[in-house]
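Generate coordinates for the entire structure from the input sequences, incorporating the hints supplied.
These protein sequences, in sequence, are chains C and L. Quick note: the first sequence uses this note's numbering, first residue 1, plus one each step. Quick note: the second sequence uses this note's numbering, first residue 1, plus one each step.
Worth flagging that the hints you see were computed from the coordinates, not collected in a lab. One thing to keep in mind: the hints can contain errors.
Quick look at which bits of chain C chain L covers, simulated, 3 or more residues with Cβ under 8 angstroms [unchecked claim]:
id : stretch
1  : 180 to 187
2  : 199 to 210
What the simulated footprint calls covered on chain L by chain C, stretch by stretch (three residues with Cβ under 8 angstroms from a Cβ of chain C suffice, anywhere in the stretch; the number is not a length) [claimed, not checked]:
id : stretch
3  : 67 to 78
4  : 87 to 96
Here are the simulated distance ranges between beta carbons [as the list claims (entries may be wrong)]:
id : chain 1 : residue 1 : chain 2 : residue 2 : range
5  : C       : Gln182    : L       : Leu174    : 34 to 44 angstroms
6  : C       : Ile28     : L       : Arg171    : 53 to 63 angstroms
7  : C       : Trp199    : L       : Lys130    : 18 to 28 angstroms
8  : C       : Leu115    : L       : Glu8      : 51 to 61 angstroms
9  : L       : Arg171    : C       : Trp199    : 33 to 43 angstroms
10 : L       : Gln178    : C       : Arg203    : 34 to 44 angstroms
The C-beta atom is built at its ideal place from N, Cα and C for all residues, glycine as well.
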Amino acid sequence: MATARASKHDWPNALFVLPYLVVFVAMIVVPLGMGMWLSTTKGDLFGVEANVGLSNFTRLFGDPIFLETVKNTFYFVLLTVPALTLIGLGLALVLNTPARWATVLRTIFFASTVLSVTVVTLVWRLVFLPDGGLLAVISEALGRTPIAFLNNPDLAMPAIAITTIWWCIGLPMVLFLAALQQVPRELYEAAALDNAGRWTTLRRITLPAISRTFVLVVIIEIILQFQLFGQPQLMTLGGPNNATRPIVLFIYETGWRQWELGYAAAAAQVLFAMILIAAMAQYLVASRKGAQ
Amino acid sequence: MAGVTLTEVSKTFGGVAVIQGLSLDIAPREFVVFLGPSGCGKSTLLRMIAGLETVDGGEIHIGERRVDHLPPGERGVAMVFQHYALYPHMTIRDNMAFGLRNIGTAADEIATRVEAAAKSLEIGHLLDRKPGQLSGGQRQRVAIARAIVKQPELFLFDEPLSNLDAALRVRTRLELAQLHQRLGTTMIFVTHDQVEAMTLADRIVVLNDCRIEQVGTPMDIYLRPATKFVATFVGSPTINLLPGKASDAGGVALVTLADGTQLQTAVPMTGLTPGDTTIGLRAEHVRIAADGATKATARVVERLGERTLVHVELADGSPLVAEDAGISSVRAGDVVSLNINAAAAHLFDADGVGRHAA
Chain C
1 MATARASKHD
11 WPNALFVLPY
21 LVVFVAMIVV
31 PLGMGMWLST
41 TKGDLFGVEA
51 NVGLSNFTRL
61 FGDPIFLETV
71 KNTFYFVLLT
81 VPALTLIGLG
91 LALVLNTPAR
101 WATVLRTIFF
111 ASTVLSVTVV
121 TLVWRLVFLP
131 DGGLLAVISE
141 ALGRTPIAFL
151 NNPDLAMPAI
161 AITTIWWCIG
171 LPMVLFLAAL
181 QQVPRELYEA
191 AALDNAGRWT
201 TLRRITLPAI
211 SRTFVLVVII
221 EIILQFQLFG
231 QPQLMTLGGP
241 NNATRPIVLF
251 IYETGWRQWE
261 LGYAAAAAQV
271 LFAMILIAAM
281 AQYLVASRKG
291 AQ
Chain L
1 MAGVTLTEVS
11 KTFGGVAVIQ
21 GLSLDIAPRE
31 FVVFLGPSGC
41 GKSTLLRMIA
51 GLETVDGGEI
61 HIGERRVDHL
71 PPGERGVAMV
81 FQHYALYPHM
91 TIRDNMAFGL
101 RNIGTAADEI
111 ATRVEAAAKS
121 LEIGHLLDRK
131 PGQLSGGQRQ
141 RVAIARAIVK
151 QPELFLFDEP
161 LSNLDAALRV
171 RTRLELAQLH
181 QRLGTTMIFV
191 THDQVEAMTL
201 ADRIVVLNDC
211 RIEQVGTPMD
221 IYLRPATKFV
231 ATFVGSPTIN
241 LLPGKASDAG
251 GVALVTLADG
261 TQLQTAVPMT
271 GLTPGDTTIG
281 LRAEHVRIAA
291 DGATKATARV
301 VERLGERTLV
311 HVELADGSPL
321 VAEDAGISSV
331 RAGDVVSLNI
341 NAAAAHLFDA
351 DGVGRHAA
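Okay, here's the thing in structure tokens:
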């Protein structure tokens with residue numbers, strides 16, 4: 001009875017969430033639904049020509065270029081997410097001190113994050129340039145032949161991964177720093193009295209204390225890095241020989257160069273599912289571990 | 001069991017001295033309480049002994065060993081923290097075993113010690129839980145058990161009872177006293193609660209303003225406070241301090257209060273300057289009595305059950321706390337007579353130094 005009475009009188013409370021709900025539905029739910037609907041159609045910017053059911057998806061899984069982009073995207077995520085997480089954690093551990101030098105370095109490491117992708121890729125093109133680039137100059141100084149990183153199918157993706165790690169390292173570092181500063185100092189003092197060395201303290205005190213942030217960083221980075229687009233678009237145009245073409249670049253070119261909106265929307269749904277599965281899997285594994 | 005010797009120990013934080021040239025000897029098996037108000041440096045001193053704060057000057061010895069340059073783990077001490085500092089992701093068993101594993105103690109030895117400590121503190125049924133699943137009192141027991149399993153030379157307690165409710169605090173206090181009797185290990189306990197200090201300590205070190213005010217047994221501190229600060233900090237209710245004039249009356253001080261009351265103290269005049277002084281009278285030495293010589297007006301009556309505290313005003317308006325029997329007929333506004341036991345009075349000079357009956 002009490003519940004029924006409460007729900008009868010509590011409906012005006014829903015008005016408080018209504019403004020956000022309207023924006024959420026209009027900007028997220030509707031486009032998501034439209035994307036799903038578009039993926040079952042054939043059409044261009046002038047309109048939908050026909051409803052083709054799931055044939056866009058069957059075509060996708062038989063398209064060698066799309067499958068190559070899926071492989072490239074996974075490879076890129078594999079190159080960047082573990083590195084971003086571990087380097088971010090390492091930097092945070094080293095810079096988690098009130099000393100002035102640490103403050104300066106924290107600012108420097110975070111500074112790259114505020115740059116736009118155009119600036120970042122320009123800087124790194126100058127590093128990787130085989131003719132007069134920074135690495136080329138160093139190679140020549142050491143008496144070695146400069147390597148054309150961005151023109152080598154085996155090295156282009158690692159080069160883009162390095163660029164991305166340099167660009168994105170600020171966020172994981174700041175998240176880890178925030179988590180580290182939440183660990184009570186008394187725990188470290190108790191560990192010191194318990195004869196715990198640096199490695200034991202890191203493994204048994206620090207890492208368990210920040211495990212939730214660890215999961216958060218991995219999920220955020222998986223979601224972000226699956227959406228790779230700007231760096232290959234500006235550095236390699238997906239080449240050489242499609243070696244750096246990620247899914248989003250495929251979607252962009254299919255949708256806005258070849259005007260196959262339905263086909264591009266289907267590829268977008270596949271990417272959406274991949275991100276969702278990867279993030280959920282990571283979350284489930286982490287929460288099961290936490291429960292134990 | 002090891003004693004502790006502090007020699008001219010000092011500590012500064014950003015140019016501000018928090019401990020100044022402090023020396024102290026703690027005997028083996030002794031239970032010493034550092035007592036003082038917030039910010040007096042008592043916790044800093046404890047943390048310096050533990051190795052959690054560096055020592056800027058002086059030496060610390062535990063037993064024969066100089067330890068002030070050693071890391072905390074090598075000092076042979078165990079500490080119980082105010083907020084317990086249990087490792088939240090480890091079970092209680094792992095919390096207790098962590099320190100022993102780090103020094104390579106054999107697994108069966110660890111298991112034996114953990115079981116024994118858990119049994120003695122009645123936490124055996126909690127060993128496989130995590131700290132988050134325990135109540136405050138249970139966590140405190142685990143923190144104490146974690147200290148016990150290490151079998152240290154010295155126990156350090158940093159206000160360990162302050163997060164417990166009143167009833168649990170009294171019970172844990174008693175258990176700590178029993179623990180000390182059973183283990184016989186040297187213990188240093190930091191608190192700002194004078195009742196904890198009086199009930200637990202073999203000796204109390206009263207600290208104020210970065211230095212030691214007095215070191216003594218609880219009754220020494222209570223009966224012969226070295227300074228006005230010690231007299232006011234220890235004892236409940238707070239000692240009555242009244243201005244008066246001292247004069248020589250046969251070798252001992254006769255103090256005349258502002259309302260004209262004359263109190264024949266037992267404090268020798270030797271070294272005491274006649275004239276202005278402050279007399280200290282504990283409430284139990286100011287009794288409500290029909291034949292009392294001093295008249296006063298009751299303002300507030302506090303009935304505590306076993307005794308009654310009567311806050312009175314003397315004829316000149318000076319406030320005073322007097323004591324009456326548990327069942328008292330005094331009401332606020334009554335004019336009462338006070339029987340002051342001046343032989344138990346303390347005198348404090350202008351510098352706050354205390355003088356007592358010989």
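So, going through the hints one by one against the coordinates:
1. 180 to 187: n = 3 at 8 angstroms, threshold three: holds.
2. 199 to 210: Answer holds; 5 residues pass the 8 angstroms Cβ test.
3. 67 to 78: holds (count 6)
4. 87 to 96: holds (count 4)
5. C/Gln182 with L/Leu174: 34 to 44 angstroms: Since the Cβ atoms of C/Gln182 and L/Leu174 sit about 36 angstroms apart, the hinted range of 34 to 44 angstroms holds.
6. C/Ile28 with L/Arg171: 53 to 63 angstroms: For L/Arg171 against C/Ile28, whose Cβ atoms are near 56 angstroms apart, the range 53 to 63 angstroms holds.
7. C/Trp199 with L/Lys130: 18 to 28 angstroms: Given range 18 to 28 angstroms: holds, Cβ gap about 23 angstroms.
8. C/Leu115 with L/Glu8: 51 to 61 angstroms: Holds, since C/Leu115 and L/Glu8 (Cβ atoms, about 56 angstroms apart) stay within the stated range.
9. L/Arg171 with C/Trp199: 33 to 43 angstroms: 40 angstroms, holds
10. L/Gln178 with C/Arg203: 34 to 44 angstroms: 37 angstroms, holds
No hint from the list above goes unmet by this structure.
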